[in-house]
Structure formats: C-alpha cells, structure tokens
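Turn these sequences into a full structure, and let the hints steer you where they fit.
Protein chains: 2
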Amino acid sequence: MGRASKREDIAQAAFQQFHARGFNATGISDITTAAGVPKGSFYNHFASKDESALEALRRYAASLRFEMLTEEGRPPLDRLRAHFDFLSRDTVDNGFVRGCLVGNLGAEVADHNEEIRRAVKDGFDRWADLIRQVLVEAQDAGDLNPGLDAGATALFVLSAWEGALIATRADKSAAPVDAFFRTVFEVLLR
Amino acid sequence: MGRASKREDIAQAAFQQFHARGFNATGISDITTAAGVPKGSFYNHFASKDESALEALRRYAASLRFEMLTEEGRPPLDRLRAHFDFLSRDTVDNGFVRGCLVGNLGAEVADHNEEIRRAVKDGFDRWADLIRQVLVEAQDAGDLNPGLDAGATALFVLSAWEGALIATRADKSAAPVDAFFRTVFEVLLR
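Chains as they are written, first to last, in our numbering: chain U, 1389 to 1578; chain G, 1389 to 1578.
Possibly wrong hints are sitting among the right ones.
Copies of the same chain look alike in the list, so a pair counts if it works inside one copy or between any two.
Derived PhoX-like pairs (lysine-lysine); straight-line CA-CA distance at most 25 Å [stated by the list, open to error]:
| id | residue 1 | residue 2 |
| --- | --- | --- |
| 1 | K1427 | K1509 |
| 2 | K1509 | K1394 |
| 3 | K1427 | K1437 |
| 4 | K1437 | K1560 |
| 5 | K1394 | K1560 |
| 6 | K1509 | K1560 |
| 7 | K1560 | K1427 |
| 8 | K1509 | K1437 |
| 9 | K1437 | K1394 |
Please keep in mind that the hints were generated in silico from the structure rather than gathered at the bench. Note that the coordinates shown come from a computational prediction; the quantities given were computed from them, not determined experimentally.
And the structure:
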C-alpha cells in the first residue's frame, strides 16, 4: 500500500469512526484498526486526532451534495426539499444513528477545542448561506413570502434540521424528521 | 460530611461536569475532584458513570422550570416565549457554552447506550408534550392558527431549539438563538 493510499484509508476510517462513535469515544487505535494499518502509522499522516477530525469535517461536507441546492432548472424550494430528503436517508435509512457530523462535533467538542469550533462554525456558515440563497431565489420567483428574513430563516432551518437529527436518534423513529419536513415545507416556507 | 450530603455533592458535581465537558470527556475523577471527595467514594453512591448521567438528566430536567409553561393567568404563547427566554440565558449569558444536557447526551451517547437513549427520549417526549399543550391552549384561545398540527409543531420547535443551541455555541454569538425567537414567534406561531 503506497503512502498516499494509506493516508486516504486512515482519513476515511477517521471520518467513519468519528461519525459513528463521536470524537472523544474514538481512539487512534479505533481509526487504525478500521483502516487496517499499524497504530503507529497514524502519526505519519496526521499530526493529531484533532487534525484528522478537521479532515473528517471536510470529507463530511463534501458528502452533503451541496450542489443539489444550486442545480439549474428546478424550483428553489424543490431543491431545498430534495437536499434535506437526501440528507435524511443517512440517518433514517440506517436505523436512526450517526446524525450530522458537523452538529455532533458542535455539541461535543466546540466548547473545548477552538480549531474544531471554527471548522464547525465555517461548516454551518457555508451551509446556511447556501440555504439563504435558495430562499432569496424562491422569493424572487414569487414562491416564498417576500417578508421573510432569508438569512434568519436559513439559520433557523439549519438549526431545526440539526435538532431533528438528534431527536430522531433518541426517538429511534422518523417522527422528528417528519415534523421537520411538514413544518418547514408546509407551514414556514409558504 | 454525612452519607446523604456526600451523595448530593457527587450527583451535583456529575451534573455540572457532564454539562460542561460532555459524557465521554468526563472521568469519574473529574466528578469526585469537583465534589471534593475521594475518587473511591463515587462507587459508594452510584453503580456506574451511566447511573450518574441518568441522575444528571433528572437534575437538568428539574432545572428547566417547566412550570413556566403551565403558569396560570398568562397568555400561552407568552409563557412559551418566557420559557425559551429563560433557557437561552444559561447558554447565551455564560459565553455560549454547555447548551442543553438532553440534546448533548442525545448527540453524543444515544446511539451507544440504550438506557441513556431512553432517558433522552423521555426528556424530549415530556418537553414536547408540554409545548404541544401550550400550542393547543393558544389555538383554543384564538391566538394561533388552528390549522397547525400542534404535536408536529411542538416536536419541531423543540428540535429547532436544540439545534439553535449547538449553532450558537459554534458561532459564539446569539445569532442562531435570535433567529429561533424571530422565526418561531414572529413567523411560525402566528
């Protein structure tokens, strides 16, 4: 196994382990065991567990298919719904586990690690800004109440999504996610 | 120090440590050091760290002042707003840290510990049901759109609150909490 592919295997294993177990419950040996590499090799590729968590956040963000939000030729609110519908599958179709890595690291680590807090904040900022743009487009198209503050509403919808994932994991049912879709798309964004 | 007061000190320290540090980052010695008792004495009072986390959840729930939601002689939606306003102070006035212990344990532990998952679920269920009752009262009083599904809306508002606390900790600003108040009370619950 070459050096580059070993780094790739460790990075991907770190992403999966942090997402499944959480940050503090994941040891370096959980990552190297999952990657099928000797424990010592972790530090040939990452300076610290923190650094591998930052890389995990980048990988998670890349998996969120933000391009769905800007897809041409589809009404803005349909794109937003398709985006959350896509995201819901990771939690709902997998037995209501894992949730969102950005929110998980926000809840568990942001208070205690400035670098991870900034990465979580940047992740939320980027995501909320994309949602805001969709809402502005919907307002411009006459599909959404022009009196809504698109920025505050985007921030709120993203918070509601993060909370719904936590509640759905605790409930082991889709009820909180269903309440999200119903309230956001049938009541709030009208 | 008597046996009962030692248990009380340990239980209170466990609550504060879990809230401040998270579940996996809190060791038994963090709890006993904070309580000012010898490490070994923890197990005279609690069978396990899990058991002390369940007690912490009970203490946290008791601190949420749910009675504000059922207070007589105040309009239902004013009570709901005062409830979240009270809750926001713990995070916002303390430098945007800690968040909600129910949500934190939901994000960090619910996937991995069935007993804690059930306690988190019970906490959310009880809380959402109190919010649902406030919304029904508001509908009966003609203060809220009678077409809203009170149960789904309550679940949604609670999710949005949990997510707003995570986002506000990551952002180190009140913006996500402000977006919660603005969207819930000026747009959704009209």
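A quick look at each hint next to the structure:
no.	hint	verdict
1	K1427 x K1509	neither (31 Å within a copy, 37 Å between copies)
2	K1509 x K1394	neither (29 Å within a copy, 40 Å between copies)
3	K1427 x K1437	within (12 Å within a copy, 29 Å between copies)
4	K1437 x K1560	between (30 Å within a copy, 23 Å between copies)
5	K1394 x K1560	neither (36 Å within a copy, 36 Å between copies)
6	K1509 x K1560	between (28 Å within a copy, 9 Å between copies)
7	K1560 x K1427	neither (34 Å within a copy, 36 Å between copies)
8	K1509 x K1437	within (19 Å within a copy, 31 Å between copies)
9	K1437 x K1394	within (16 Å within a copy, 37 Å between copies)
Hint compliance for this structure: hints 1, 2, 5 and 7 are not met, and every other hint is.
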